[in-house]
Amino acid sequence: MTFKQVSSWIALIAMTWVAVGYFLPLFKARSLDGGATAAIFGAMIMFVVIVVIGHVVVAIFAPKSADGEADERDKRIALYGERAGSYALGAFVLAGLALALIDGDMRMANLLFLGLVGSEIIKNGWQLALYRRDS
Amino acid sequence: MASTSIRNQIRLLRFQHGEMTQGQLAERIGVTRQTIAAIEKCKYAPSLEAAFRIAAVFDVPLDRVFEYESADDRDFQKRRQKPV
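If you read the protein sequences in the order shown, they are chains A and B. Take any residue in the first sequence, note its place counting from 1, add 49, and you have its number in this note's numbering. Take any residue in the second sequence, note its place counting from 1, add 218, and you have its number in this note's numbering.
To be clear, the hints were calculated from the coordinates, so they are not data collected in a lab. It is possible that part of the hints are untrue.
[What the hints assert, rightly or not] As a list, the in silico DSSO-like pairs of lysine-lysine whose alpha-carbon atoms are at most 30 Å apart:
| no. | chain 1 | residue 1 | chain 2 | residue 2 |
| --- | --- | --- | --- | --- |
| 1 | B | 259 | A | 124 |
| 2 | A | 53 | B | 259 |
| 3 | B | 296 | B | 259 |
| 4 | A | 77 | A | 124 |
| 5 | A | 53 | B | 261 |
| 6 | A | 113 | A | 124 |
| 7 | B | 259 | A | 113 |
| 8 | B | 300 | A | 124 |
| 9 | B | 261 | B | 300 |
| 10 | B | 296 | A | 113 |
| 11 | A | 113 | A | 53 |
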């Protein structure tokens, strides 16, 4: 396994653990209205801590692989993964936008809409810049 | 990743070059051992640059290392048979 592959495993396990820990009570309560700011921050901090500890452990036991940079295959696989993740992110942002509009929360709706529009502007602008650079 | 239409002789060439290991070849190309293994199993088509580097390590022309099996490339075959 390459270091990048191990890194993906660590992130997947950490995120799954944190997500189950956070969302299970909400799922049991059958409501998305529960939860607390502190719990969200706690979950985010827990994720970072697990990922850092995981990477330190790997670096201790396999220092050679930890030194290696991502090669072209790692980068291509990472791009495919990013693309799949972006579909999920986009779908949830759209769901959030719809919910904010239904609730009349225009501040949240505007922020989510700005995120959607902004990411599209960055994506297409970046693509055009690369096309221009390579032509 | 899905299998590619690029066949290769890397395993044979490694054997002919002092039984070079995948790790040794990977180090000289600047990729991971797993990438060399994926290329050998035709699971990953390397970049043109990496392909040239592999050929350079074995000191042979590119077509001694890689060959393109167009018959295995279904998408290409479909486009080729399309009437103009």
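For this session: Could you grab the alpha-carbon distance between residue 261(B) and residue 300(B) and see if it respects the 30 Å cut-off?
Result: It holds: about 28 Å lies between the C-alpha atoms, which stays within 30 Å.
Exercise. Regarding the pair residue 300(B) and residue 124(A), is the alpha-carbon distance no greater than 30 Å?
Worked result: This hinted pair is violated, its Cα atoms lying about 34 Å apart.
Exercise. Is the Cα-Cα distance between residue 259(B) and residue 113(A) 30 Å or less?
Worked result: Holds, at roughly 25 Å.
Problem set entry | Satisfaction of hint between residue 259(B) and residue 53(A), Cα-Cα up to 30 Å | 20 Å, holds
Exercise. Taking 30 Å as the top limit, are the C-alpha atoms of residue 113(A) and residue 124(A) close enough?
Worked result: 19 Å, holds
Problem set entry | Given pair status - residue 113(A), residue 296(B), alpha carbons within 30 Å | Roughly 45 Å between the alpha carbons, so the hint for residue 296(B) and residue 113(A) is violated.
Exercise. Given the hinted pair residue 53(A) and residue 261(B), is their alpha-carbon gap at most 30 Å?
Worked result: Judged against 30 Å, a Cα distance of about 18 Å means the pair holds.
Exercise. Taking 30 Å as the top limit, are the C-alpha atoms of residue 259(B) and residue 124(A) close enough?
Worked result: 19 Å, holds
Exercise. Has the given pair, residue 77(A) with residue 124(A), been kept, meaning a C-alpha gap of at most 30 Å?
Worked result: 39 Å, violated
For this session: For the pair we were handed, residue 113(A) and residue 53(A), check the Cα-Cα distance against 30 Å.
Result: 13 Å, holds
Exercise. Straight-line Cα separation of residue 296(B) and residue 259(B) no greater than 30 Å?
Worked result: 25 Å, holds
When each numbered hint is compared with the structure, violations occur for hints 4, 8 and 10.
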